[in-house]
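If you read the sequences in order, they're chains Y and W. Using the numbering used here, the first residue of the first sequence is number 1, and each one after it goes up by one. Using the numbering used here, the first residue of the second sequence is number 231, and each one after it goes up by one.
Fair warning: there could be bad hints in the mix.
What the hints assert, rightly or not - 25 Å max Cα-Cα, derived DSS-like pairs, lysine-lysine:
1. Y:118 with W:699
2. W:701 with Y:118
3. W:861 with Y:129
4. W:669 with W:395
In short, the hints are calculated from the structure, not lab data. None of these values were measured; they are calculated from a predicted model.
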Amino acid sequence: MAQPIIQLKDVRLTLSSRAGPVDILRGISLEVGRGEAIAVVGPSGSGKTSLLMVVAGLERATSGEVRVAGRDLSALDEDALALVRGAEIGIVFQSFHLVPTMTALENVALPLELAGHKSASAVAREHLKEVGLGHRLDHFPAQLSGGEQQRVALARALAPRPKLILADEPTGNLDGKTGRQVVDLMLGLQRRREATLLLVTHEERLAADCERTIRMADGQIVSDQQAAAA
Amino acid sequence: MSTEMLAPPAPGGGIALTRVVMLAMRELRSGLRGFYIFIACVALGVMVITGVGALSDALRGGFERQGEAILGGDVTFGRMHVRAAGREREWLAAQGRMSETATLRAMARRADGEEQALVEIKAVDEHYPLAGEVRVGGAASLEQALRSGAGAVADPILLERLRLKTGDPMMIGEAEVMVRAAITSVPDAIADRLTYGPRVFVSLETLEKTGLVQPGTLVRWRYALKLPDGAGEDPAALEAFRERAKAALAEAGFTIADRRDPSPQVSRTLERLRQFLTFLGLTALLVGGVGVANAVATFIDRRRKVIATMKSLGATSRIVLAVFLVQVLAMTAVGVLAGLGLGLAVPAVLNVLYGDVLPIRAEITVSAASLVTGAAYGILVALLFTLWPLGRAELVSASVLFRDEVAPERVRPRALIVGLTLAVAAALIVFAVAMSDSKRIALYFCLGLIVVFAIFSALGTALTWAARKVKRPRVPELALAIGNIGAPGGLTRSVVLSLGAGLSLLVAVALADAALVAELTSRIPLQSPDYFVLDIPKADYPGIASLVSREAPGARLEDAPMLRGRLVKLNGTNVEEVKAPPEAQWVLAGDRGLTYAEDVPAGSKVVAGEWWPEDYAGEPLVSFESELAGKLGLKIGDTVTVNVLGRNLTARITNLREVKWETLALNFVMVFSPGTLKSAPYNLLATISLPKETTLETEARLARVLGKTYTSITVIRVKDAIDAFKVVFTKVMIAVRAAGSVTLLAGALVLAGALATAQRRRILEAVILKTLGATRRRILAAHLAEYLMLAATTAIVAVILGSLAAWIAVARVMEIEFVFSWRPVVEALALAVGCVALFGGIGTWAVLRARPVPYLRSE
Chain Y
1 MAQPIIQLKD VRLTLSSRAG PVDILRGISL EVGRGEAIAV VGPSGSGKTS LLMVVAGLER
61 ATSGEVRVAG RDLSALDEDA LALVRGAEIG IVFQSFHLVP TMTALENVAL PLELAGHKSA
121 SAVAREHLKE VGLGHRLDHF PAQLSGGEQQ RVALARALAP RPKLILADEP TGNLDGKTGR
181 QVVDLMLGLQ RRREATLLLV THEERLAADC ERTIRMADGQ IVSDQQAAAA
Chain W
231 MSTEMLAPPA PGGGIALTRV VMLAMRELRS GLRGFYIFIA CVALGVMVIT GVGALSDALR
291 GGFERQGEAI LGGDVTFGRM HVRAAGRERE WLAAQGRMSE TATLRAMARR ADGEEQALVE
351 IKAVDEHYPL AGEVRVGGAA SLEQALRSGA GAVADPILLE RLRLKTGDPM MIGEAEVMVR
411 AAITSVPDAI ADRLTYGPRV FVSLETLEKT GLVQPGTLVR WRYALKLPDG AGEDPAALEA
471 FRERAKAALA EAGFTIADRR DPSPQVSRTL ERLRQFLTFL GLTALLVGGV GVANAVATFI
531 DRRRKVIATM KSLGATSRIV LAVFLVQVLA MTAVGVLAGL GLGLAVPAVL NVLYGDVLPI
591 RAEITVSAAS LVTGAAYGIL VALLFTLWPL GRAELVSASV LFRDEVAPER VRPRALIVGL
651 TLAVAAALIV FAVAMSDSKR IALYFCLGLI VVFAIFSALG TALTWAARKV KRPRVPELAL
711 AIGNIGAPGG LTRSVVLSLG AGLSLLVAVA LADAALVAEL TSRIPLQSPD YFVLDIPKAD
771 YPGIASLVSR EAPGARLEDA PMLRGRLVKL NGTNVEEVKA PPEAQWVLAG DRGLTYAEDV
831 PAGSKVVAGE WWPEDYAGEP LVSFESELAG KLGLKIGDTV TVNVLGRNLT ARITNLREVK
891 WETLALNFVM VFSPGTLKSA PYNLLATISL PKETTLETEA RLARVLGKTY TSITVIRVKD
951 AIDAFKVVFT KVMIAVRAAG SVTLLAGALV LAGALATAQR RRILEAVILK TLGATRRRIL
1011 AAHLAEYLML AATTAIVAVI LGSLAAWIAV ARVMEIEFVF SWRPVVEALA LAVGCVALFG
1071 GIGTWAVLRA RPVPYLRSE
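Only chain W is shown next, with the shape it has when bound in the complex (with noise of 0.2 Å):
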């Protein structure tokens, strides 16, 4: 005997964190067998978290290090409306290489005016791009193509549109231009606004002579900077550069971004969508925990008798404990490494699948937080998972090999683990919110959480214990059935929790895209006006407004003046300083349309404060809506400094007002009194509402007619817009589908776990029949009978929790209509019932062709 053997134990009546771990390497001797499963779920949703956070670090990677390309430049300043001249431009050539750009809508028309088309004219100097370069079709360069007379090179789209070729003429406002190359890729495409229409390229001089360029235009002045020295590339000095920027152009209201982060709304939107996946991946990862219970549960009851030998030779509770939970750590290491490499392999399979969808190249690096988030969020949920039946092994008696139970007792760890296990959910919550930028939201989703495990969990014993209280049916298939499901031990918690929450989710998932979908397609079309007309000078109004009557008797036609500007202080904080809920930074961040009214607007009321008099000549005030106020905080009396052509103009709130975006009316957030802008060059912004009865050809007419007479003003097509954001919306939702159907492939992993756990029940009681006169239909019957009994039963459960959760996404948070549709309702449950067909349908083929003597001679 060693000496080691008689050691006396260690203090506490435990043994060497060594031994444990020898201990349990032991155990697990038998392999992996059992416990597939259970790598199989935490890896799932470890996958989906770790590949949501490195396809977003890819694509951010790709952001930082093609940042200079991205944004043309080092830094970059832009403003709307007004040109930088005098000492402003003279300090932004002073600071380096400097290039000049202006972005504007336009419409650009075929030669003859019998074709036109809405386009986003980019108009550059000679020193453009200062960084990356942009493609031509042909052999010329940019520089070539817009140099040699007015020359233009355009999307292949418009040409195609347009029914244009190289060489032939287009008009752009008064000017005629050559269309001289087609674009094949240019560099700084996503810094530019989300474009409307394709992009034309011409010389700054040929947009003069466009005659586009007029005071109040709605134009965006780019100033992009190469710095000198490399300083660019060193982040202290551009940080140093922007704080000497902002210090010598303190009211010039330019926006600057750098190369560090050349679309700060690009990065937001990323970082949102990031959020919000890995919220659908925690979804499936818990779904995946319900496998990972009944994994550890079937594991510990297959152990039981091992853990009574143990006992029985001196192993206190907290060794059994401490040597299980050894083991469940190492198979929770095995599917988090597992699903660690799988999620990074996901942004290098979507850049070769799809790499020329993503907005930019992916780069392919990962963060040590994406990376850490979906480790943490595997080893919190298998834990969350497991100290429950962990705790019940503890518990196992020594008297366990003496005496056979059949059926051993339900066992309530104790109070301890009862307290870790309530920890670590607490734990994934605050580790949840706190990896959230919104923290309510994030709240919100985990209680929602809470609730549909709790009410799944609720329905399964309810199933259970309905089952063993209905009055047994004649029918010994149906009989059956309804004993399996009230089995103790038997498919229903696991199958009916598991499938329902992924149901539900894929249900909440695709009735809210439907109902948005719904709402982008029919709703917005019928209640908004058909045409939205930008940068109408105000001396051509009364023409245009005549026009339209008689091109389209009965069109209603409403304008507004309208000038773009930026939020630069709140109550005299610089907005930079202000801390906004996410779903009000965008207020902040760009420029924003700004008018004024003497009468409130239609399609909003003042619900707070009152309107200012109709005669009013006073300070300058502003009218800001209602909901943005309360989330930036503002109330009445309060000021807010909005930078409009290049100076700064402080307003105070007089009132609130209440609008209905979705009719897409002329509305603004905020909208100022008279006196405020009035004598500020600006131009009018208009909506067409034709009469239902107008005919495609009529209001094709309208356009070209608008188009040929009034060549500065741009008309956009609601519906034309509708669908170019329908498109962008539907690249975003078969992401969020994806993710959402891991959820359910999660469950799909729970049942299959589920069913190879009761697999040997099942294929002894089918003997069992067998030996009774049951014939192999009968026995098929009744496993039909029962998965269609709770699959009907968790779908129904499923839909309605998840009609309820979309119906509270759509119509309470977004305030939209909530429309419930058939279709993805009847889809998802397709899939489940797919699901459990063929899961169950495998465990019940392998059931009627096993041998019957083996599980007859001995158990």
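If we strip away everything but chain Y, and leave its shape as in the complex, we get (with noise of 0.2 Å):
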């Protein structure tokens, strides 16, 4: 196997409280190779989201060894870690999470602007109209529906080619039936570019779509399982 995307050695993360110090991570280690689409499940509180965190660099490790397309991330400081988020990672989050003083084409443009894109706005257009967008460029997110929020954030996530895509409750905002288009329209474009996914989510039936499933309890990884060959 070539080298994984993610490499997760003993991570631990622990954050303060009032009530003192909660493990929200214990002793995670994980290896995800590269093309692979892969699903965190688990009950509220078992601490998928802070896994996706760490991934994404957004939260550091109390300790252990988080490593993204070769990278350890335990060495990288904040600016540097936004740079690996522009340059390997793309988010998908439940609550969209667009900029709301910018159009539909606008908020896709920006990850490839901040990368310095000679042409974003193109790309932008093209990755719009690839989520099935193309007539509402100039829309603000107030003037879309949540599943339109939600498709901008997927084109957003995808612009810029990353090789990880890291979503964290897609469809949590959304219906069922408008849930699984984005969720089709994410795995799809997923394997054409051949990149990775990560996907948190509390619904069995969209890890079943995934290749492989982790659950997870209690900050803990408690299964890890390849689903079968269709």
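Starting from two chains that each stand alone, build the complex the way the hints lay out.
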């Protein structure tokens, strides 16, 4: 197997709270290969989103080793982490997190512009067409439905052609049918791009579409299963 | 279920007020968070208005309580030129204990004639002072110091200037006097006129020896009375006494003052300053109003779901409005009370810090009027800025519960609320105008404020619009900055409005100040003569003229006969009954210089009527200054009566003159026809204009020789007089600038509030940017670009508006040439940029430090 895109070794995350320190992640070790689609499932509070945040470099592990695309994230400062995200990682959130003051096109062009991409606008337009929003380019987030906003967020995450796509409950704020459409779109794009997808969800049906499913409980991985070959 | 809950609602779908208050108080359980800026904005403005009022009350209180000492008795009678004698004197002496004093300007010289200085002589009798005490250095009392031979006591500064010490001789007029002591404090200093020189006390007998008092000399005689049986402490008895005095001394031409208001001029000046500073406080309050509006709008936005829930449970729009209005009023009350408390502390704090600089000891007393004024302005401004957002609150639909609107539509409140807002604005204007002596200026000020607010409001809208329309720049930092400027609910409008209004005022005040200082220090001295020479006996004039041309060849000497007299009647009506606008009251208040002339005086031109013929010898005629005539309602053919040398003299206005006062050339409000005053004993007033190349040595020698040769004349260097005025002017401008700066502080508060409101959105935005690969430097650059664009645009417009306002005030109202100076503008701009940088910087620092995860997990 080629070098894994995600390598976690005994990762622990402890946060302080008024009631004392809380162990969020308790010794996670995990390897994810390139091109894999992997689902992380588990009950609320099991540490799924925290795991995703640690992989994104948005949360620093208290101990253990976090390597993404061959880089040791614990050795990087905040700005270097931002540059890694800009180059390697695309993130899709449950709450979409679009910049409200920008149109759909501007939101998608933003990571490309930050990376100094020459034809950011044209690339963004293509991606919006790809997610079926070619007619909504100049709409602001507030003028879009939830499903449309999540498709803009998906286009934004994929526009810089990241090697790793992180999705945190991407259907959490959508109805079943719309959620299904968004996930189908995401999986399709991931496969076409041969990117890696780490999908945090609590919906077993969505997890079933991924090749591998990790189950978490109480900050630990309790099972790691490959889906039966289709 | 209680029966209360089943009770039918009150008529009109409302509920009892107590229930509304209860609901409101429940709503406030979440604390004052989000209201701090609201409270601070109201408190700040109310503090300034109350502080100014309280300070004025304290000074006035000091005036009233120390009135007897300030006046030197219960009542005083003052008059120029003519000493009371005969029947007048008998009448005055019969009214109680009497003290006589004479004040005049003169030159004091070293006995060797080497140094001389302009002094204010105060000659007193043995009864002076009837109240209070003149403190002199050393063990001697004033009485001992003045009565032992020709003694004098002088301000220490004079001794320093003439290099004299106690026991040294000093020349005043023709007399040699002994300096017995230095003055430590004088009780009645403010009741005297504005003094240009240090004081010297001598006895009346010594004054006679000086030979300075001649017919026509500019000497002011004052008679202080201590009334018997404590009549001075009873206002009714004082009033009755004044009436009696007016009847008994009808034509004497005395200016009468009593202990209730020992110096009407000082009181008037204080009142004028109070009104002006109150306007500045009102401006600060209005600028803060933007912060109040923002705070309420944000509060309502956060409460939309609560409002929707209330509506879904049966609350009518009126109930919603009432509940939130009660909360806003409660917050207003907190702000007003805090402002009143802080404002009341202002006199005490100033007394501790600057007690010795204040003209009198401030007595800490506060009038109900000051409290009511501060509170009324606070409540009216709070209502003006909260009714609109409250009106939008009552329109929130219950359907908000079912669909989460990301960006609520702008909704215009119902007509009633719009009407109420306009009514409050009108009430505010009416209140401001009613509280002001000069209704016209108050109205202009209000209109000016409306224009400034309208302009910056429009600028805010225009900037937002332009930011949305402009083609998105390729540089993401710039694109983000422009996006934020155009963002709905962004900072743009409130920052532009509050900062712009505050900055405009500051620029206007700073520029007007700079223009006036420039006028005082460079322009007036350039155009004006170098010396005024007072009290030249007619016989001495030819000698003086030849001395001047000998000592300073090329010097220009101009002269005019000069007496002082008081206007007592306009068209037969006593001036006390004439309702003059505040800016013209000074003409009626004190003594005026009077002259006569055969030709139109230089520096003035006749704009209406005809100048009298050269050999005119008919009834008394007078030429009146045209602008003042207009303000006093005088026209050609009207009569004015002046009391001069204790006699009333009535003259008919035959022409009006336009006068260029700023040249300081010899000019008078009233110039009489030659026959009118020619026979009166008068002295001459002259000006000396020295050639440009005159050296300081020549100038000093001329002044010295003049003073030595002609001991009765008084030589005033114009530059010194201007400097003396500048000292007073600078003190006043410090107060004005301090009050003006509060407006910018209010602007800064609004800015801080707006930034705090937007902080969550900004952090979220920064976090998103970080997830998309933006470094902190780039986020910082985006914020910097946004603040810079906002501050620069606002500042440019503020400088233009401020300059325009300063130009109107200086060039049009004061009719002084307006000189634009960069320094105050740059200072004001630096202050504005500093404010934005400080508050924006604090905000951005918090944004950059924020941990992303809590914001990304849920909104």
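Okay, the hints, checked on the actual structure:
Taking the CA atoms of residue 118 of chain Y and residue 699 of chain W, the gap is near 23 Å; set against the 25 Å cutoff, the hint holds. Using a Cα cut-off of 25 Å, the hinted pair residue 701 of chain W and residue 118 of chain Y holds, with the two alpha carbons roughly 17 Å apart. Pair hint residue 861 of chain W plus residue 129 of chain Y does not hold up; C-alpha atoms about 76 Å apart against a cutoff of 25 Å. Between residue 669 of chain W and residue 395 of chain W the CA atoms are separated by roughly 53 Å; this puts the pair beyond 25 Å, and the hint is violated.
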